[in-house]
Amino acid sequence: NAGVTQTPKFQVLKTGQSMTLQCAQDMNHEYMSWYRQDPGMGLRLIHYSVGAGITDQGEVPNGYNVSRSTTEDFPLRLLSAAPSQTSVYFCASSYSGTGSNEQFFGPGTRLTVL
Amino acid sequence: SQKIEQNSEALNIQEGKTATLTCNYTNYSPAYLQWYRQDPGRGPVFLLLIRENEKEKRKERLKVTFDTTLKQSLFHITASQPADSATYLCALGDNYGQNFVFGPGTRLSVLP
Chain A
1 NAGVTQTPKF
11 QVLKTGQSMT
21 LQCAQDMNHE
31 YMSWYRQDPG
41 MGLRLIHYSV
51 GAGITDQGEV
61 PNGYNVSRST
71 TEDFPLRLLS
81 AAPSQTSVYF
91 CASSYSGTGS
101 NEQFFGPGTR
111 LTVL
Chain B
1001 SQKIEQNSEA
1011 LNIQEGKTAT
1021 LTCNYTNYSP
1031 AYLQWYRQDP
1041 GRGPVFLLLI
1051 RENEKEKRKE
1061 RLKVTFDTTL
1071 KQSLFHITAS
1081 QPADSATYLC
1091 ALGDNYGQNF
1101 VFGPGTRLSV
1111 LP
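Just so you know, the sequences run in chain order A and B. Per the working numbering, residue 1 is the first one in the first sequence, and the count goes up by one each step. Per the working numbering, residue 1001 is the first one in the second sequence, and the count goes up by one each step.
Just so you know, the hints here were simulated from the structure itself, not pulled from any lab data. Each hint should be verified, as a subset may be incorrect.
Claimed, not checked - Pair by pair, the computed Cβ-Cβ distance ranges are: (1) A:Thr70 to B:Asn1012: 39 to 49 Å; (2) A:Tyr95 to B:Asn1024: 42 to 52 Å; (3) A:Ser80 to B:Ala1079: 47 to 57 Å.
For each residue, glycine too, the CB sits at the ideal point set by N, CA and C.
Chain B on its own, in the form it takes in the complex:
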């Protein structure tokens, strides 16, 4: 069965630094990879989507890479701020709508 791992359960970084979160997967060949943000007590909110034939995607301070050979995605937040503190989830999807899978998430804390 598919398995998704995210680098660590929690990650602490200093304000202003770049946060890098990792998503690794096995037994899956996703057509898409998505990243979501979840704040305590709330539902996940979509951030970015990257396709299997794309290497990198950017949106403001966010950057996502997707390496289908390594079966890995990296999610970067540059110039991090305390307001970026949240849990970040990666998710894999296909073209058929039957196999959308989430990773366990990484809780990011940006310290002032």
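Looking at chain A on its own, in the form it has when it is part of the complex:
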């Protein structure tokens, strides 16, 4: 099993550009989520999904869109990149989103917005 995979590993964007961060998991997990990690602030939840066709906002959703057309994939779209979106982005999956299940994380995407 590959677990949770993310592409790309690194990305540099100019302000105003759009892009999609890809995330896939092969564990048949219903719950998937996107976090951003900034120094001193820990992991902050952007969006999450409890199953195909269902998504919801997390703590910091502004400027990001998600969709979940399949169980395996959960892409994150930046609509118009801003320097404040410079961060490391992690995708995670788990059997459910409750605290009783461990979350499996991808390797992360380091994004710089100039």
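Dock chain B against chain A, hints included.
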């Protein structure tokens, strides 16, 4: 809103000693508390989970305690080794899957 604090941003200890990391939280009544390890440039990796009705959990050299009255969890690594050097994150979760929150992490350095 919920707030999670971890004792310090960085903690240095000597090899062989016990490392103790603290996780305090407010405005939350979690059903579960989890601990993760994160190495530089990598995603967090799950270590241990403890339920609200459990006082203590052990796994090899790791021990976690959970005090819902104090709203605090302690994470211990006994006989620490340089390979234990990493950032450790605590996370709180409920039974509904809508409120999984991470703390800012503590960077542990075990000195040889």
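Now the hints, each set against the structure:
no. : hint                             : verdict
1   : A:Thr70 to B:Asn1012: 39 to 49 Å : 46 Å, holds
2   : A:Tyr95 to B:Asn1024: 42 to 52 Å : 28 Å, violated
3   : A:Ser80 to B:Ala1079: 47 to 57 Å : 51 Å, holds
Hint check: a violation occurs at hint 2 only; the rest are consistent with the structure.
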